[in-house]
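Protein chains: 4
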Amino acid sequence: MAERNSAILLVRCPDAKGLVAGVSGFLYEHGANILSTDEHRDDETRQFLMRVEWDLEDFGLEPGEFARAFESAVARRFGMQWRVAYAREPLRVAVFVSKYLHCLSDLLHRRREGELRADIRLVVSNHEEAAALAGFYNVPFHHIPVTPASKAEAERRQLELLEREEIDLVVLARYMQVLSPQFVARYPARIINVHHSFLPAFSGARPYQAAFERGVKLIGATAHYVTEELDEGPIIEQEVVRVSHRDQLADMIEKGRDAERLALARAVRWHTEHRILLDGRKTVVFV
Amino acid sequence: MAERNSAILLVRCPDAKGLVAGVSGFLYEHGANILSTDEHRDDETRQFLMRVEWDLEDFGLEPGEFARAFESAVARRFGMQWRVAYAREPLRVAVFVSKYLHCLSDLLHRRREGELRADIRLVVSNHEEAAALAGFYNVPFHHIPVTPASKAEAERRQLELLEREEIDLVVLARYMQVLSPQFVARYPARIINVHHSFLPAFSGARPYQAAFERGVKLIGATAHYVTEELDEGPIIEQEVVRVSHRDQLADMIEKGRDAERLALARAVRWHTEHRILLDGRKTVVFV
Amino acid sequence: MAERNSAILLVRCPDAKGLVAGVSGFLYEHGANILSTDEHRDDETRQFLMRVEWDLEDFGLEPGEFARAFESAVARRFGMQWRVAYAREPLRVAVFVSKYLHCLSDLLHRRREGELRADIRLVVSNHEEAAALAGFYNVPFHHIPVTPASKAEAERRQLELLEREEIDLVVLARYMQVLSPQFVARYPARIINVHHSFLPAFSGARPYQAAFERGVKLIGATAHYVTEELDEGPIIEQEVVRVSHRDQLADMIEKGRDAERLALARAVRWHTEHRILLDGRKTVVFV
Amino acid sequence: MAERNSAILLVRCPDAKGLVAGVSGFLYEHGANILSTDEHRDDETRQFLMRVEWDLEDFGLEPGEFARAFESAVARRFGMQWRVAYAREPLRVAVFVSKYLHCLSDLLHRRREGELRADIRLVVSNHEEAAALAGFYNVPFHHIPVTPASKAEAERRQLELLEREEIDLVVLARYMQVLSPQFVARYPARIINVHHSFLPAFSGARPYQAAFERGVKLIGATAHYVTEELDEGPIIEQEVVRVSHRDQLADMIEKGRDAERLALARAVRWHTEHRILLDGRKTVVFV
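Protein chains in written order, with this note's numbering: chain Y, 719 to 1005; chain W, 719 to 1005; chain H, 719 to 1005; chain D, 719 to 1005.
Treat the hints loosely; a few may be bogus.
Identical chains share a label here; the pair holds if one copy fits it or two copies do between them.
No farther apart than 25 angstroms at their CA atoms in a straight line, the calculated lysine to any residue pairs in the SDA-like style are these [said to hold, decoys possible]:
1. Lys735 <-> Ser816
2. Lys735 <-> Val802
3. Lys817 <-> Leu851
4. Lys817 <-> Arg924
5. Lys735 <-> Pro781
6. Lys735 <-> Phe766
7. Lys735 <-> Pro918
8. Lys869 <-> Asn856
9. Lys817 <-> His861
Note that these hints are calculated values from the structure, not bench results.
All of these numbers come straight from a predicted model, not from anything done at the bench.
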């Protein structure tokens, strides 16, 4: 995807007549060259969700002006929750990982290739295996061991790092620790986890073992936002891989990695491109 | 999908500022409750394509008024090609078939289930096998044999039927005859064919035989609009099925049927829901 | 798949040396022209499972002789459970259905096309909707209403029909009634159900509603053998379809039908081709 | 997959009675504990192909003895072409790459994870981009520039490296140079290439450009053995990814990388596990 000097507006409000006209009319008045418009109406919740991206060339409003002008001209009238993001300011990302490095390796490579336009600021791990990989991609690595006794202190150190680096998004790339509700509450809809099953099947620990024992014919992976309830957060993406009786547990784990890599990479990409909106406990993904 | 008393506007024009604002503003002024908006900008051709669907309740313009008002208020200004369709007037469809009945059976069943909201007016075949199936679903069946000598006369009879029934869409559901350029020219972007390969691979005759000989690991089916050039029309949908060395030619043909059914059913559905726009030799499918 | 005058031997026993040699040596001695051999060793249970198919031309043993000879020469030595089937004797199948007819229509059409080589002897339903469809395909239809009060009597009538027709396989093609444990016990590993979710996710009632509420990005269908525990029987096949926030509940139900059709059709086909072996609570499918 | 001290026998010969009995009987006599048997009969060519893997514990024949004994006891009688491989001797692999590093990165990571049991001895490139990545994974890197004038000399140097390192398999992981027929002839069925299209569609140069222009709805990648005819060698694996009108050329290239990675990784894995047999211009893959 070509680099663009664009702005992205994300909107949520009760559905009403005139919403698309209101937003697009406002942008037009200020000279916006719209690149894409996506919208969704949730028939159940009667919510309206919208994403508009426009080229900033010729656009008449500076970021500070935009907020004031949009709020008074459009947002207030429709009771909108909204935020605007700028493509030239990539999100600042922290990746948490334990011993399995396939997702981390995949994300770092995609970052280098330019597929993922994110500013990966740091890798945090309770183990040391990821240090060399992070180093190879020039990302600072922080080893923060976690034991039941040290967990609170470990989270304190992690949060300190996240704040210092002004992290926008935390990616749990097979991080085998459960974050405390306090931690999660600090980054609402800003922590993405990949669970190694097709949720809601096989939530919790050892999903491949459970899938193997149940004799399923497809295994999966799920990327989702982390909420207080384990494995219950809004699903962003899911991927499956076919298995058969020939696949032993170890084979399922290996095949599952491909699903994990793909589901997580897409979720992180969509988040960093501001394509995901929360809609209750679901996601709306504009792709 | 619930039945809706809605209108669908399809637009194509050169890209310009103010397009979304122009269309949505016009609809808002006339009281439209917009159900969905989709748009696409082709970066190469600089064309803008749009589909808007709105609820007709509260809408202030009758079909006749709409055309005049939209043309003068919006379309002229942007040089738009446009058309409007009404969900309460389902397209009138003719299905052409030869001896293989899996696609016909699938379409007729989907029609009965309500998945496909089309008015299937007639089944035309150069063979008699389909007569009973058409009869079971209460669709008039017309047996029009085709030989090299009788082809012109056969097409004349087919066209007469299509005109008499005011057919909007012709579906070639494994119709093993090539239509003449004259026939095709009468129904531009209104004839959908399913080709039993993953185009452009294996165009022309006996694609499964060719796929089998080449030793491919996936076989496919392609639903496309028919143009003068055989198998070269704009692709609407493609589907694939995995095969292996275990699959003999007969197995490929059987497995391929599932891909054919799915690709054709989706294409016909999208066409009848006015979701497809032509963009040069490609399609834009708003789903 | 071409019609073959073949025999299929299915074997299960504790793993041991010499099993393949023992079976293939026996068949060779009696002139068998082997068409395919498949085997599986379960690393956990240490069970060996095998399927051999051979051409009966030149084969020196009649069905009656085969049993005696194989038992004494091979089976006893390895403690084998085994059975032999003959391709020229297609299984006798009963299809149970309620109001949704897409799976029934699909199975009957595949039977007519020759994809499914089964002798579909009867359709049983607690509703009358399927009568015409069964009639069109010349399959006797039996309307057996089921209420809480009449369930025992209904099952008695169903079992009587199954026995009278010497049914080998019962297919629950979206039959919305739970069979009693007594009924299930009469047809162990001989009742195939299609559940409209990706099991074990969304077992029980209203799986599409649950999937819709959870906001999953893939929906599925599962064909499995029926056991006493609802939705817990050995899984034969699973299929998934991608969905998005655009899909309302009704759309999920429609898309899910394609997964249901495919999963059930494959499972029934594999069973009738004697390709499925039970391995504890899992299936081994030799395809 | 667990490490096994196993032997793998690959056999090809004209189909005949007694083949499975002959091979399995021979192995049984010498104490083999068979782990898996796979076989295929090609109905057209009347060839029989077989793969047997057995545990070497308790097996009574040393590698040298095996060849002589198997040849005289079994292979000669059936006119077999055969070879045996030992899991404890991983294949020696060279990876050729140009500027695109996604496949190389993927293979090296899978090697480190233990998914790919191959001894990657060297990376060869006509560019320098891959040097750091190879270094990170401790694989010697050789920069051999190729120009039209220097191509013959470059290939001479490449072949020298391959011979010195006793390379068994050459992997073209997006190596953008065409190898000479002389080079290819030195490694028959031992060079695997990944072509960035769904062959035979879009063979030759710039397949994504061609796919984009044609407006396909699925793009693909093909891993195949290299033969003298460009993109015409036996196909090992194919993978596809769904695209839409929203995907510009750059998006297709990015999405296609996932298909390339997966198709190539599977092909290399299967080759190194001795799971692929040639059958005319097709492959038989025992997985």
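Here is how each hint holds up against the structure:
In this assembly of identical chains, the alpha carbons of Lys735 and Ser816 never lie at most 25 angstroms apart, being 49 angstroms within a copy and 42 angstroms across copies at closest. With identical chains, the CA atoms of Lys735 and Val802 are at most 25 angstroms apart both within one copy (22 angstroms) and between copies (20 angstroms). For the homomeric pair Lys817 and Leu851, the shortest alpha-carbon distances inside one copy (12 angstroms) and between copies (21 angstroms) are both at most 25 angstroms. When the C-alpha separation of Lys817 and Arg924 is checked against a cutoff of 25 angstroms, the pair qualifies only within one copy, where the shortest distance is 15 angstroms, while the shortest distance between copies is 39 angstroms.
Taking identical chains as interchangeable, the C-alpha atoms of Lys735 and Pro781 lie at most 25 angstroms apart only when they sit on different chains, with a minimum of 20 angstroms there against 27 angstroms within one chain. For a Cα distance limit of 25 angstroms, the shortest separation of Lys735 from Phe766 qualifies both inside one copy, at 10 angstroms, and across copies, at 24 angstroms. In this assembly of identical chains, Lys735 and Pro918 lie within 25 angstroms of each other by CA distance neither inside one copy nor across copies; the values are 36 angstroms within and 42 angstroms between. In this assembly of identical chains, the alpha carbons of Lys869 and Asn856 never lie at most 25 angstroms apart, being 27 angstroms within a copy and 36 angstroms across copies at closest.
In this assembly of identical chains, Lys817 and His861 lie within 25 angstroms of each other by CA distance solely inside one copy; the values are 12 angstroms within and 33 angstroms between copies.
When each numbered hint is compared with the structure, violations occur for hints 1, 7, 8.
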